[in-house]
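A.B. asks: Now for the letters of each chain:
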Amino acid sequence: MNTPPSAMALVLFGSLLGSVGAAFLKAGAVALTRHWTSLAYNWKLLVGVFMYLISSVFFIMGIARGELSVLYPMVSLGYICTLAWSRIFFHEKITSTKLAGVGLILVGIVMMNLGSR
Amino acid sequence: MTSVTTLTPPPAAEIDLAKRKRHSLIIVLCCTVIGAAAQVLLKFGAGHLSHPSLWQAAIGILTNPYLFLGYACYGIFAALLVIALRHGELSLLYPVIALNYAWVSILSVVIFHEHMNPLKIAGVSVIIIGVAVLGRGGSK
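Just so you know, the sequences run in chain order E and U.
With the working numbering as the guide, the letters of the first sequence map in order to residues 124 to 240.
With the working numbering as the guide, the letters of the second sequence map in order to residues 216 to 355.
Keep in mind that the hints are not guaranteed to be accurate.
[As the list claims (entries may be wrong)] Simulated coverage check for chain U against chain E, where a stretch passes if three residues somewhere in it have a Cβ under 8 Å from a Cβ of chain E: (1) 309-316; (2) 331-338.
[Unchecked claim] In silico DSS-like cross-links for lysine-lysine, where the CA-CA straight-line distance does not exceed 30 Å: (3) E:K216 <-> E:K167; (4) U:K236 <-> E:K216; (5) U:K234 <-> E:K167; (6) U:K236 <-> E:K167; (7) U:K234 <-> E:K216.
[Stated by the list, open to error] Derived contacts from chain U toward chain E, CB cut-off under 10 Å, selection only: (8) I274; (9) H302; (10) E304; (11) S306; (12) I342; (13) I344; (14) G345; (15) V346; (16) A347; (17) R351; (18) G352.
Rather than coming from a laboratory, the hints here were simulated on the basis of the structure.
Glycine included, every Cβ here is placed at the ideal spot set by N, Cα and C.
With the rest of the complex left out, here is chain U:
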């Protein structure tokens, strides 16, 4: 009897739900890349302002293309996150955002030629493994 039950295909609604959950996860993965791009752009832009006042920083966001693009990326990040959260689980998607840290540290090495030591590389790897564990658990 058990073999019969396992062969029965799951109801269409369940397949649909699983698909939506997977889509949510993919959207958040894109989110983390955009979030990392935002941070790098802000770092680029902030380099042009030395010890800005609150007012100078506010004007800088509008006039400095790097800062403007950086904040625009944050806007896209927020919109995508909300779209993902419509059908995805908060307990799954929120921790995945930590992948941001991994991308930023990789981009920092590539773009700003920052120093990368074994401990950092290990940390980035462990974060990626953690996200992979969440991804596998979430699609089941």
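Next comes chain E alone, as it looks inside the complex:
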């Protein structure tokens, strides 16, 4: 089974959407207080959940069209984007420990998928 560029584009777009969704969830979570209106009027949480759902649709569409072992490493785009959003929007520190942890996780994902071929 070959993996066409369209399948790669779908998965890449899906992971990008997922990372943006996670950033919205974080922004919405920070805005939460003990008052119920902070949840009821929290459009950021809603956008976050919605983007997560949409990203899974793109993901499934992409995976149905290509090889999982080629497509799964592309999830890494999502992780790297999330690190970027964390730094840009939430001013989190991207330490070498974090980069090492993410690197190991990505290597693990690739190995797992090579193993399931």
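Chain U: place on chain E using the hints.
C.D. replies: The following block gives chain U in isolation, referenced to the frame of chain E:
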């Protein structure tokens, strides 16, 4: 002088922040277990539907207990993730969710008797080590 500064306890606010960060990490670890349970339940439930239409799938979510529980688990997963993100760092917690893959592949062997080869075992181990590295770095 340096010994004096290291002996000075950190301010209470800082201890509180570190505690909250650790709690966030523990919540997300629970999240990954619930997320894995959701995937296994969905796999169980999806086995009952063969090539469903969008409509049949939608009805299945409401009538099939496995699918219903699976999606309920996803709901709990999302709620817990938001609670964790209130005080936790996104750059730390988001990659930890990858632990999901590890639990699912272990559960697949236990429940569905799927084949596990050395490369898969190594992959799962490397993911767990990566999460451990993040956990250590994050609590500092």
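A.B. asks: Evaluate each hint against the coordinates.
C.D. replies: We went through each hint and held it up to the structure:
no., hint, in the structure
1, 309-316, "holds (count 4)"
2, 331-338, "holds (count 7)"
3, E:K216 <-> E:K167, "holds (23 Å)"
4, U:K236 <-> E:K216, "holds (14 Å)"
5, U:K234 <-> E:K167, "holds (26 Å)"
6, U:K236 <-> E:K167, "holds (22 Å)"
7, U:K234 <-> E:K216, "holds (18 Å)"
8, I274, "violated (19 Å)"
9, H302, "holds (9 Å)"
10, E304, "holds (5 Å)"
11, S306, "holds (4 Å)"
12, I342, "holds (3 Å)"
13, I344, "holds (6 Å)"
14, G345, "holds (3 Å)"
15, V346, "holds (7 Å)"
16, A347, "holds (8 Å)"
17, R351, "holds (7 Å)"
18, G352, "holds (3 Å)"
The structure shown violates just one earlier hint, number 8.
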